[in-house]
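Taken in sequence, the protein lines are chains A and B.
With the working numbering applied, the first sequence covers 1 to 89.
With the working numbering applied, the second sequence covers 1 to 414.
To be clear, the hints were calculated from the coordinates, so they are not data collected in a lab.
Heads up, a few of these hints could be off.
Per the computed footprint, the stretches of chain B lying under chain A, defined by three or more beta-carbons under 8 Å from a beta-carbon of chain A, are [to be verified]: (1) 22-36; (2) 196-207; (3) 244-253.
Note that CB positions come from ideal geometry on N, CA and C, so glycine has one too.
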Amino acid sequence: MTVLIPQPLRALTDGQPSVEGASGSLAACLADLEARFPGMGERLLDEGGELRRFVNVYINGEDVRFAEGLATAVGENDEVSIVPAVAGG
Amino acid sequence: MSYARNLRCRECGRDYPLAALHVCEYCFGPLEAVYDDEAIRAAVSREAIAARPATLWRYREFLPCEADSAVDIGAGFTPLLHARNLGKALGLPRLYLKNDTANPTWSFKDRVVAVASSRARELGFEKLACASTGNLANSVSAHAAAAGMEAVVVIPHDLEAGKVLGSSIYNPTLVKVRGNYDAVNRLCAELAGSRNWAFVNVNVRPYYAEGSKTLGFEVAEQLGWRAPDHCVAPIASGSLFVKIRKGLDEFARAGLIDAPRTRMSGAQAAGCSPVATAWAEGSMNFRPQRPDTIAKSLAIGNPADGFYSLVQLRDTDGACASVTDEEIVAGMRLLAETEGVFAETAGGVTVAGVKQLAERGRIDPDELVVAFITGAGFKTAEAVAGGLAPALEIDATVDSFEAAYGPPAEEVPA
C-alpha cells in the first residue's frame, strides 16, 4: 500500500512524496514508518500515542476519525494520506 | 513597510521565515505571523489611520505584506450599522451589524484574499489557488484577475448557482469536485505538495488568516476607538472567529484602544456543528462531522481552527449557538425585513444564533453586541426563493392595481 507524505514531512523521506507502507492497523503502519524514517512518529503522534490535534489521516479519502482512528485496518491496496489541517473555506 | 518579523508555531513556538509555509515541521501546529509590536506602537496613531482610504489597507502596519504594492480591489471598511429594529425584535438595544456583504465580491473573504494574494505576489507566485465553499473561490478569482495572475479554484460540486457564477465571471480554472468541502480541502493539501502555486488557505494560510483581523480593527474604529462588549460570528473553520478577537488585542497592544474584555460567541448550523456540539458537551476536543445543511459556506466538518475556537469561547466567557435550517431561513428573512440587509445563509446562522443566545440569557441586554454578517444573499438565493411573498401581477391600469392591492380608502395623497 501507498502512504502520501505531506510537504512538511518530506525532509524525513529524502523528498519522496509517497512511500510504500505496511498493512495491518494504522498504528502498525505508522510504527513501520517510524522504523524506516526516524522522527515520523513523534511528529504525527502526541505524548499519549494519539494522533496529534492538527494531523489528519485519510484511508482511501476517508478520515480515520470517522472509522476507528489508529485501530483502523489498512489493506494491501489502500492509500494512506497524511494531511495537515487547512484553513477554511 | 511591513512590521511582520517571522512565522511562529502556535503550538510549540518554533520560528520560521516569512515564506510559503503553513505547518510546523515538528508538531504540525499552524504557523502564525509575528510582528514587531514596539515598532507598530511607535508608528501608528488614530489620526493617521483615520486619514487613510476606506479599505482594509488603512491598517497596513498590522498586515504581513507591503501595502504600497498590494492587490487592492477595495476590500474592507464595510458599514457598521446600529440595528435598532432587529435589536428591538431580539431585546438587544445596542446591537450592531458589521455588514461585510458590502465587499467587492460580496463576502468577508475579500479581506483574507487581499492579504494572501498580495503576499503570494511578493513571494513570486504566478498562480493563485484555493479550496473553497464558494465565497473564497469568488474572491480568489477576482483578486487574481486584478493582479494579472492565473487562478485555479476548487469547490464541491453541489454549490449554489450564485456561488459558481460568482467565480466563473472572472474566468478562473474552476474545478468541481465530486465530494464535500472536507474532501476538497484534503485534495488541495495534497496538490499543494506538488504544485508551485499559492493555495491561499494552504501554503500561504498564515498571511491569509491575518486578513480577518481587519474586522476587529474596523469595528473598534467605527465604534469610536473602543472594543465591543460582545461579538457574535459564524464558525466554519474557526479562523475568522479567532482573528476578530486577535485584531482587538493587537489594537490594544498598539495603544489604539483600551484592553478589550470582549466576549466572543459563535454560531453554527445544526447540520454542521462540530464546535457547538463540543462546547455544549463541555469538551475541548471536537469530533469531525459530515455536513448536511443549507449553510454551505459553513459546511466544514473538520474545522482547522476548531480547537482554538473552543479555547476562545472558554477564555472570553462566550457561548456557541446551533441553529436549524428553518431557523437559518427565518434569520435571513428577519434581517432583511428589519434592517434592509440581504445576507446569505451564513448571515442567517449569525442572526438566528444571536436570537438563540439572547433568549437563553447568554447575551446581556446591556451589552454592545456586534453581529458579523459575512456574505451577501444573492449568493444563496435558493435558500429563501421558495418561501417569499409573490408579486402582485396586474395590467397597467388603476383598476387592476386597486383590484390587486385594495382601494385608496381614507388615504389622501400628500
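Status of the hints after comparison with the structure:
With 9 residues carrying a beta carbon less than 8 Å from a beta carbon of chain A, the segment 22-36 of chain B meets the three-residue requirement, and the given coverage holds. With 4 residues having a Cβ less than 8 Å from any Cβ of chain A, the segment 196-207 of chain B passes the three-residue criterion, so the hint holds. Counting residues of the segment 244-253 of chain B whose beta-carbon sits less than 8 Å from any beta-carbon of chain A gives 0, not enough to reach three: the coverage restraint is violated.
Against the hints set out earlier in the document, a violation occurs for number 3 only.
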